[in-house]
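Trainee: Spelled out from the first residue to the last, the chains are:
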Amino acid sequence: MKFRDEYRDPEAAQRLAAAIARITTRPWTLMEVCGGQTHAIVRYGIDELLPPAITLVHGPGCPVCVTPVDYVDKAIEIALRPGTVLCSYGDMLRVPGSDCDLLAAKARGADVRIVYSPLDALAVARASPGREVVFFAVGFETTAPANAMAVFQASREGLRNFSMLASHVLVPPAMRSILASPGNRIDGFLAAGHVCTIMGYEEYEPLAAEFRVPIVVTGFEPLDILEGVYLAVRQLEEGRAAVENQYARSVRRAGNAPAQEIMREVYRVVRRRWRGIGEIEESGLAIAPAYRDYDAEVRFGAVAAREEAPGECISGLVLSGERKPSSCAAFGTRCTPEHPLGVTMVSSEGACAAYYRYRRTPLPAAAE
Amino acid sequence: MCLAVPGKVLSISGDDPVMRVARVDFGGIVKEISLAYAPEAGIGAYVLVHVGFAIAVLDEVEAGRVFEHLREIADIEEELAAGSARA
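Protein sequence lines correspond, in order, to chains A and B.
The first sequence begins at 1 in my numbering and counts up by one.
The second sequence begins at 1001 in my numbering and counts up by one.
Just so you know, the hints here were simulated from the structure itself, not pulled from any lab data.
Hints should not be assumed to be uniformly reliable.
[Said to hold, decoys possible] Subject to a maximum C-alpha distance of 27 Å in a straight line, what follows is the list of computed DSSO-like cross-link-like pairs (lysine-lysine):
1. B:Lys1031 with A:Lys2
2. B:Lys1031 with B:Lys1008
3. B:Lys1008 with A:Lys2
[Claimed, not checked] Listed next, with one range per pair, are the computed distances between beta-carbon atoms:
4. A:Ala304 with B:Gly1014: 40 to 50 Å
5. B:Gly1064 with A:Arg264: 26 to 36 Å
6. A:Asp293 with B:Gly1014: 24 to 34 Å
7. A:Ser155 with B:Arg1023: 22 to 32 Å
8. B:Asp1075 with A:Glu308: 47 to 57 Å
9. B:Ser1011 with A:Val270: 32 to 42 Å
10. A:Lys2 with B:Ser1011: 16 to 26 Å
11. B:Ser1013 with A:Arg4: 25 to 35 Å
12. B:Arg1023 with A:Glu157: 21 to 31 Å
13. A:Pro129 with B:Ser1013: 23 to 33 Å
14. A:Arg306 with B:Val1061: 46 to 56 Å
15. A:Arg334 with B:Val1018: 45 to 55 Å
Where is the CB? At the ideal position from N, CA and C, for every residue including glycine.
Please construct the entire structure, taking both the sequences and the accompanying hints into account.
Mentor: Written out as structure tokens, the structure is:
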């Protein structure tokens, strides 16, 4: 496929890895903040191609993983109401709530449907005028405009049986939170290419300057990630801390204007709790007052904030990059994708699930 | 979650900017995709698609940059090798 296969060339990957090794004189720790990149790094063994001085750690890059348990509980409560259809992205169905997950609610008779696009949920609402259709919306800035469009169109059409339970999170405040934490060991970031496709990268410039960290907007294919690492390491070795754009075929500095416009129209920025991490100021999006008729929290009651029960799962430490999945005693034994102890093993983009899928068998020999 | 896939625009329909859609070819699979966030996309363009929405028109010139970068790196390596051979 054009714009994909050419970025998977193993020989070019080896050359980039050699170039990184050549410019690296000291140990550096880089963090990516996107589950898609985490997945590609582990799948293609990109971390194993790099010189030992470069450590890649995986940040809170999975919106499914950081959705608070109280939102999952609310979605289950709504799904179990008679006359209701609960739609969401497939990954959300197996995220454990306090008592069960959405899949278990479905088994108990709730009408829970997986949708590919928020517009599919809207189509369900149009086709079922006698039923309440609720879209459980999660995601980073990449997905927020698509979900906002469902609300915007419902409002324009006067579709009264559609509402959205919105648990959106924003990436830069999470990066700030990681950089500001006393135990921070991140020297540089690979910023999430599709988040930046929507938002641009101006908002990363103050972060790079304040914390003296290079931030390289990076794509998702192996050559993208290796080039992102190369650019970040080159900055570190030269003592620079700027925002660079590796993923320029998709990302422009100001981002996607019509998408940002709909986001400003439909959402307001709120303080949000991240599962496993805690509350972060101005790190989430909720539905704006002008669209409150389409807010499932207005229609079905506000989400009750609840403390997370402590358990064996270390997903909070995995999400903040402090621990690797493979260093968890439960990994691959008491915790598997079939019987997950926590969200980073549930979502296919969680770091634990990626390690489980690709790192339990010997790695294929790297292409020479 | 943030997965986005490149595809080629085959045709476009609709006038309302919010409701315009394209038929997009993903290596043989054709889907209807919203152009609300990629109003500039024309027929034959490659768009990046996320949950049913085109979120960017891919830039053909920028797309080749990583390969140019690789060539530059190869040139540097060659110079270094030549330099060490002379030494």
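Trainee: With reference to the structure, classify each hint as holding or not holding.
Mentor: Hints, verified against the model:
1. The suggested pairing of Lys1031 of chain B with Lys2 of chain A holds, with an alpha-carbon distance near 17 Å, which does not exceed 27 Å.
2. Proposed proximity of Lys1031 of chain B and Lys1008 of chain B is supported: the alpha carbons are some 10 Å apart, at most 27 Å.
3. Only pairs whose Cα atoms come within 27 Å are accepted, and Lys1008 of chain B paired with Lys2 of chain A is accepted, the gap being roughly 9 Å.
4. Taking the beta carbon of each, Ala304 of chain A and Gly1014 of chain B are about 42 Å apart, inside 40 to 50 Å as hinted.
5. Distance hint check for Gly1064 of chain B and Arg264 of chain A: the Cβ-Cβ separation is about 34 Å, which falls inside the suggested range of 26 to 36 Å.
6. Separation of Asp293 of chain A from Gly1014 of chain B is about 26 Å and conforms to the stated range, judged on CB atoms against 24 to 34 Å.
7. Against the hinted window of 22 to 32 Å, the Cβ-Cβ separation of Ser155 of chain A and Arg1023 of chain B comes to about 27 Å, which satisfies the hint.
8. Under the hint 47 to 57 Å, the C-beta atoms of Asp1075 of chain B and Glu308 of chain A, about 54 Å apart, fit the expected range.
9. Against the hinted window of 32 to 42 Å, the Cβ-Cβ separation of Ser1011 of chain B and Val270 of chain A comes to about 40 Å, which satisfies the hint.
10. A beta carbon spacing of about 18 Å between Lys2 of chain A and Ser1011 of chain B agrees with the range 16 to 26 Å that was offered as a hint.
11. Remark: the range hint 25 to 35 Å for Ser1013 of chain B to Arg4 of chain A is upheld by a beta-carbon distance near 26 Å.
12. The hinted range of 21 to 31 Å is satisfied by Arg1023 of chain B and Glu157 of chain A, whose Cβ atoms lie roughly 23 Å apart.
13. Pro129 of chain A and Ser1013 of chain B have their C-beta atoms about 26 Å apart, which keeps the hinted 23 to 33 Å range intact.
14. Distance hint for Arg306 of chain A and Val1061 of chain B: a CB-CB separation of about 51 Å, consistent with the stated range 46 to 56 Å.
15. Judged by the Cβ atoms, the range 45 to 55 Å given for Arg334 of chain A and Val1018 of chain B holds: they are separated by roughly 49 Å.
Hint violations for this structure: none, all hints satisfied.
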